[in-house]
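Residue strings, one per chain:
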Amino acid sequence: MNFNRRDFLKGLGLASTAWMLPRQLSAQSAPPHVIVIGGGFGGATVAKYLKLWGGNINVTLIDRNAQHYACILSNLVVTGALSMSRITLDYGTLKSKRGVNVIQGEALEVDPANRRVNVLVNGQYSAYPYDKLVLAPGIEFIPPDGNYREDLTPHAWKAGPQTLLLKQMLSSMSSKQTFVMTIPKSPYRCPPGPYERACAVADVLKRRKTGCKVVVLDANPSIQAEPHNFGIAFNDTYKGMLTYIPNAGVLSVDSKTKTVTTAAGKFTGHVLNVIPNQRAGQIVTAAGLANDPTGRWSLVNPLSYASPIHPDIHILGDSQATGQPKSGHMANAQAKVCADAIIRSFRGEAPDPNPVTSSACFSPITSSKASWLTASFQYDPGTKSMKRVEASFAEASSATSDGMQQMFQWADNIFADSFK
Amino acid sequence: MNPPSRFSPSPAAAPISHARRRSLVREFAIAAAVLASLSTQAAPPPGQLLASQCFQCHGTNGRAVGGFESINGKSADDMYKKLLEMSTRRPEGIMDVQARAYTPIQLKLIATYLASLPAQAATSVQR
Ligand SMILES: Cc1cc2nc3c(=O)[nH]c(=O)nc-3n(C[C@H](O)[C@H](O)[C@H](O)COP(=O)(O)OP(=O)(O)OC[C@H]3O[C@@H](n4cnc5c(N)ncnc54)[C@H](O)[C@@H]3O)c2cc1C
Numbered sequence: 414m415n416f417n418r419r420d421f422l423k424g425l426g427l428a429s430t431a432w433m434l435p436r437q438l439s440a441q442s443a444p445p446h447v448i449v450i451g452g453g454f455g456g457a458t459v460a461k462y463l464k465l466w467g468g469n470i471n472v473t474l475i476d477r478n479a480q481h482y483a484c485i486l487s488n489l490v491v492t493g494a495l496s497m498s499r500i501t502l503d504y505g506t507l508k509s510k511r512g513v514n515v516i517q518g519e520a521l522e523v524d525p526a527n528r529r530v531n532v533l534v535n536g537q538y539s540a541y542p543y544d545k546l547v548l549a550p551g552i553e554f555i556p557p558d559g560n561y562r563e564d565l566t567p568h569a570w571k572a573g574p575q576t577l578l579l580k581q582m583l584s585s586m587s588s589k590q591t592f593v594m595t596i597p598k599s600p601y602r603c604p605p606g607p608y609e610r611a612c613a614v615a616d617v618l619k620r621r622k623t624g625c626k627v628v629v630l631d632a633n634p635s636i637q638a639e640p641h642n643f644g645i646a647f648n649d650t651y652k653g654m655l656t657y658i659p660n661a662g663v664l665s666v667d668s669k670t671k672t673v674t675t676a677a678g679k680f681t682g683h684v685l686n687v688i689p690n691q692r693a694g695q696i697v698t699a700a701g702l703a704n705d706p707t708g709r710w711s712l713v714n715p716l717s718y719a720s721p722i723h724p725d726i727h728i729l730g731d732s733q734a735t736g737q738p739k740s741g742h743m744a745n746a747q748a749k750v751c752a753d754a755i756i757r758s759f760r761g762e763a764p765d766p767n768p769v770t771s772s773a774c775f776s777p778i779t780s781s782k783a784s785w786l787t788a789s790f791q792y793d794p795g796t797k798s799m800k801r802v803e804a805s806f807a808e809a810s811s812a813t814s815d816g817m818q819q820m821f822q823w824a825d826n827i828f829a830d831s832f833k
Numbered sequence: 002m003n004p005p006s007r008f009s010p011s012p013a014a015a016p017i018s019h020a021r022r023r024s025l026v027r028e029f030a031i032a033a034a035v036l037a038s039l040s041t042q043a044a045p046p047p048g049q050l051l052a053s054q055c056f057q058c059h060g061t062n063g064r065a066v067g068g069f070e071s072i073n074g075k076s077a078d079d080m081y082k083k084l085l086e087m088s089t090r091r092p093e094g095i096m097d098v099q100a101r102a103y104t105p106i107q108l109k110l111i112a113t114y115l116a117s118l119p120a121q122a123a124t125s126v127q128r
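Heads up: the sequence lines are chains A and B, in that order.
Everything in the first sequence is counted per this note's numbering, starting at 414 for the first residue and increasing by one.
Everything in the second sequence is counted per this note's numbering, starting at 2 for the first residue and increasing by one.
Accuracy of the hints is not assured; some may be wrong.
Derived pair list, reagent style BS3-like, types lysine-lysine, alpha-carbon separation capped at 27 Å [as the list claims (entries may be wrong)]: (1) 75(B) <-> 833(A); (2) 598(A) <-> 800(A); (3) 800(A) <-> 109(B); (4) 679(A) <-> 652(A); (5) 833(A) <-> 800(A); (6) 508(A) <-> 589(A); (7) 797(A) <-> 109(B); (8) 800(A) <-> 75(B).
Don't read these hints as lab results, they were simulated from the structure.
Predicted, not measured: the structure shown is a model, and the values here were computed from it.
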């Protein structure tokens, strides 16, 4: 923005900032304004808890969509077990009950010097001023080489139309056909998610069609989450129909012929589900905040999720680089730490020095049984990072029908805790 | 990079000049914020942030929307004992693993905070 401090002062006919002090103090009767970009699990939760805990704070939540489609449970929409409405979360309660100002728009760029964010709303460009900005845009994909097209080889890793596209491709498979999927290099959104998808797809093909195969091409050297339960599923439950191939990073994709070339060879499927490698949401990268050593994710202070580059900008959820897992449960957890820290900062206080965060994932392994995975993190002042509490890191001893029931109860609660 | 002229101050938010004025006097911002917030923001009660990590499963303010037990407005002593027990017994389910995330001091703070929340509303459908 070239509207700078000097122009502004000139515009007001002011000579010095000293004059501003009394104005500034009296202007403080206006409540502070927090803008949140991205109304997913991180963004919705931070907006809600700023209102719930913060009292007199103006909160504006901006998302490109009128509602959020949760990735959580979306593998069961792919298989046809659940309908899209089960994972569709609207912002009505955040508006009416919590008093969040919700705006549908595309955030295009951040202007940290002037503390405003530029947003396209209804075809109009607007600048939104903030005192604090929270970026929770989730992930962006790094398109693979080749003529990759997500309309022909869907990822279904951001829920919505992609989920329905993969569902339709899966349901139109006939007997003896092959479903090929690729798993991105870690870190990516939802460590157990791809293995869960492999199981959900294998389950439905096993029950509905004859002689179908599932090929799972993992860029990583081994199963990245719940190795015990997914190991049993791959080696036992889906023995003979599911092939798991590690160290099979994608080299190129030909979406037209549904062919993927990997470090472990070339594979063609009737359905090809490419889940590309990932990085922080575009708005984070555009703001120069994707500053971890890989250049993909955003380094933040885990006591507040504030950026060390621009302390008034907080980045949380899948986009951040604290080493904590990229999950909805974790995005919600971080959002509460961030909301608390922002409220304290408006009081002139430092963040809570001892935050705890958790992640939890429930994974359907068959149509009636699910396993779970959880890990929690405590702040370690020595390394200034969130450190996993080893005793709090475990997966279910087996997939059970109780686990399946708990999965739906957990989903109800986390959906409501984030969006209602 | 969009030309700045395409961006107009948003009517939905506070006037742009207000925010600019603020950014101009950042050196005073902290003092001003303290003054302002003394009247508008209460200090976060101890245990609130820790206990909110239970709400993904047990509902906002400990009031579950279905399935899992609500954990608001119970006896702090009972809650603390239960949490300690869950954090030390042979883990049976995800809750026992969750309880292991916290130190006994943190569990006590959580139990005390949860006890201070109003008990389940009578009209609620939760068990
Ligand atoms: C198949 C699958 C299963 C999963 N299962 C689980 C599970 O069991 N448990 C679990 O905890 N997690 C699970 N996850 C992971 C979880 O969905 C994500 O980790 C979580 O959604 C991350 O939250 P977030 O707020 O960072 O991003 P999101 O929830 O993706 O929210 C980002 C939001 O930002 C908006 N946005 C982005 N950029 C802009 C912009 N420039 N302007 C306006 N709006 C913008 C998007 O529209 C979106 O609504 C699963 C994921 C998948 C794919």
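Query - Pair hint residue 800(A) and residue 109(B), alpha-carbon separation not exceeding 27 Å - result: Holds - the C-alpha atoms of residue 109(B) and residue 800(A) are around 21 Å apart, at most 27 Å.
Requested in this report: Quickly compare the C-alpha distance for residue 797(A) and residue 109(B) to 27 Å and report which way the hint goes.
Outcome: With a Cα-Cα distance of about 25 Å, the restraint between residue 797(A) and residue 109(B) holds, given a limit of 27 Å.
Query raised in the report: Is it true that the CA of residue 75(B) sits at most 27 Å from the CA of residue 833(A)?
Result: Holds, at roughly 23 Å.
Report task. Decide if the proposed pair is consistent with the structure: residue 800(A) and residue 75(B), CA atoms, cutoff 27 Å inclusive. Result -> violated, 31 Å
Report task. Could you grab the alpha-carbon distance between residue 833(A) and residue 800(A) and see if it respects the 27 Å cut-off? Result -> violated, 30 Å
Query raised in the report: Hey, residue 508(A) versus residue 589(A), does the alpha-carbon distance stay inside 27 Å?
Result: Since the Cα atoms of residue 508(A) and residue 589(A) sit roughly 50 Å apart, the hinted pair is violated (cutoff 27 Å).
Report task. Would you mind confirming whether the straight-line C-alpha gap from residue 679(A) to residue 652(A) stays at or under 27 Å? Result -> holds, 22 Å
Requested in this report: Would you mind confirming whether the straight-line C-alpha gap from residue 598(A) to residue 800(A) stays at or under 27 Å?
Outcome: Given pair residue 598(A), residue 800(A) holds - Cα atoms ~22 Å apart, limit 27 Å.
Checked against the numbered hints given earlier, this structure breaks hints 5, 6, 8; the rest are met.
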